[in-house]
Amino acid sequence: MRVDEAMVSRLRGLQAVYQKMLVASSSEGNSAKQRRHQRCVDKLKELISKAERGGVIDESEIPPAPPSFTQTSGSAPPAVPSASSLQPPPVPKRTSSTPAAASDPGLQPPPLPERSSSASLPAEPQKDSTETKKQQILTVLKRRRDAYVANGKAAVAAMDKAAAKKYVETAKMFDQALAALDSASVDELDMSEVPPSPPPYRKAPAAPVEQPKPTTFVGGLQSRMERFQALAQKAKQEGNDRKARMNTRMVEQYAAAIRDAKAGRPVAVADLPSLPDMPPLPPQKPATAPKGPAPGVRPPPAVGPLAPSGQPGKSRNSTQLEFLIERQNEFRHAAMQAKARGNMDLAKKYLLESKGFDKMIAAARAGLPVSIKSTPIPPQATTSHTTLQPKIVPSATSTTGIEGRGEALSMMEKALIEQVQLAENSRMRFTRLGDVGKVKLFEEWAKAAKQDLLLVREVAKQGLNLPKFHYEMRHIPSADLFPDLAEDVLELSIIRCRDVPLPSGYEPSDANLFVKYVFPYPNDANQCGKTKYVSGTQSPGLFPEIR
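1 is the number of the first residue of the sequence shown in the UniProt record's numbering; add one for each residue after it.
Mixed in with the good hints, there may be bad ones.
Simulated crosslink set (BS3-like; lysine-lysine; CA at most 30 Å straight-line) [as the list claims (entries may be wrong)]:
id : residue 1 : residue 2
1  : K153      : K142
2  : K153      : K165
3  : K440      : K414
4  : K33       : K43
5  : K134      : K33
6  : K461      : K391
7  : K530      : K516
8  : K447      : K355
9  : K355      : K461
10 : K45       : K142
11 : K468      : K391
12 : K461      : K447
13 : K161      : K142
14 : K373      : K359
15 : K447      : K414
16 : K359      : K349
17 : K172      : K153
18 : K172      : K134
19 : K134      : K20
20 : K50       : K20
Just so you know, these hints were derived from the structure itself, not from any lab.
With the hints as constraints, model all of the structure from the sequences given.
Right, dumping it as structure tokens:
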């Protein structure tokens with residue numbers, strides 16, 4: 001390992017100088033110089049350690065020597081006497097008796113060559129290095145200032161006053177730095193504190209203006225149509241014929257929907273195109289009230305999105321108790337009606353069902369948890385299959401002379417039948433889940449929908465005017481389950497196997513295949529089994545369901 005002693009000596013000299021400058025800046029209280037000198041001292045310590053280990057030192061890593069390096073450091077060589085101090089002693093004057101001797105060149109001292117001050121020789125390379133670095137800093141500052149000026153002009157052209165002001169202020173700071181560079185030394189400049197070059201200016205996208213939400217259904221359709229009209233016009237200006245035709249078709253769809261809404265006809269909102277940022281449409285309402293007296297359809301109860309079970313302020317136990325008492329009263333009332341009709345067997349059946357609630361009610365009153373999964377459904381909450389069959393035949397005209405009346409009544413009947421079926425199916429599912437609040441919610445909805453269904457059929461039968469109605473979009477809770485299976489039972493269905501590879505030499509008619517299944521639970525004794533054998537085919541199927 002070879003150590004460059006000259007480099008180590010040079011680095012130690014620089015370290016001593018910067019150490020003195022650090023002490024001086026600390027006493028002056030100049031924090032900027034103090035930090036800069038401290039960085040130089042730390043860097044020189046690192047380079048000295050590297051040089052003593054035999055490492056190669058890159059000249060670009062060495063901090064520049066300050067201009068006063070040769071004067072302040074004690075390592076500078078002593079100054080050489082100037083030429084004036086080397087003059088020979090004066091020659092004594094001769095008498096006038098020998099005038100020729102004064103002009104004799106052999107008697108005059110030899111001329112001494114002029115010498116320049118040796119003290120300035122070591123400073124020349126240092127001065128050149130300082131000037132070069134100063135010129136580099138000047139170039140960097142001018143380049144960054146010009147970049148900020150260009151960004152300021154671009155911001156002014158884009159009418160971005162805030163960004164333009166920021167760029168102009170930064171450019172002025174660079175002007176001040178350039179002016180101070182003439183009177184400052186290189187070691188006093190810290191490029192880490194100079195703002196970096198800015199990226200090219202790009203105007204920030206303007207915040208989207210929030211459009212006012214429409215208050216009416218027709219107004220919402222109109223605002224959406226205007227939006228698609230603007231998109232179609234923009235596509236035409238850009239020369240994009242395909243996009244222009246597409247948006248024009250959407251405008252026509254909304255125009256037809258607006259005509260239907262103004263005429264009182266229902267509009268299929270789900271079939272209309274929309275954009276992600278479009279606000280939801282208000283609920284549909286009839287444009288004009290129907291002429292003549294007509295019974296109104298009572299709106300179904302409001303169904304909130306996944307509301308918590310039970311009523312606020314009531315405990316789960318009290319909610320279950322009210323539900324069980326209500327169920328028992330419904331069965332008692334059904335038994336009394338069956339007895340009044342003379343059907344004693346049915347009355348006895350309903351009475352036994354009501355007696356079955358006694359133990360559950362007693363447990364609920366005692367504060368014990370009760371499961372409603374197996375509670376029977378009263379006859380008042382069930383709907384016969386005959387009632388859910390469509391009975392209104394659509395016709396173009398009617399005895400009242402109102403065109404399209406039959407179609408409207410038939411459409412209303414189908415919608416109400418779907419509501420009844422959905423409410424009863426959901427009630428059954430949430431009963432299996434033991435959710436009392438959801439069960440009561442769907443029972444009320446089914447009851448209201450059945451009343452409206454009977455009312456619509458009575459209007460169609462008597463030839464009355466169409467009742468008032470409107471369409472609503474509602475979010476209702478849902479649950480998917482298979483009620484025929486217990487909670488701890490799994491049903492496995494294996495549909496078919498296709499092209500099972502057979503050993504060499506075997507034909508599909510020789511196959512006798514089965515499917516084996518293994519479940520990883522429980523870990524100590526995995527559940528496994530196999531299907532029945534299927535012969536004569538390479539693609540067996542129609543396996544029975546496994547529980």
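Checked hints:
| no. | hint | verdict |
| --- | --- | --- |
| 1 | K153 to K142 | holds (16 Å) |
| 2 | K153 to K165 | holds (10 Å) |
| 3 | K440 to K414 | holds (24 Å) |
| 4 | K33 to K43 | holds (15 Å) |
| 5 | K134 to K33 | holds (17 Å) |
| 6 | K461 to K391 | holds (10 Å) |
| 7 | K530 to K516 | holds (4 Å) |
| 8 | K447 to K355 | holds (25 Å) |
| 9 | K355 to K461 | violated (41 Å) |
| 10 | K45 to K142 | violated (33 Å) |
| 11 | K468 to K391 | holds (20 Å) |
| 12 | K461 to K447 | holds (21 Å) |
| 13 | K161 to K142 | holds (24 Å) |
| 14 | K373 to K359 | holds (15 Å) |
| 15 | K447 to K414 | holds (16 Å) |
| 16 | K359 to K349 | holds (18 Å) |
| 17 | K172 to K153 | holds (14 Å) |
| 18 | K172 to K134 | holds (20 Å) |
| 19 | K134 to K20 | holds (23 Å) |
| 20 | K50 to K20 | holds (23 Å) |
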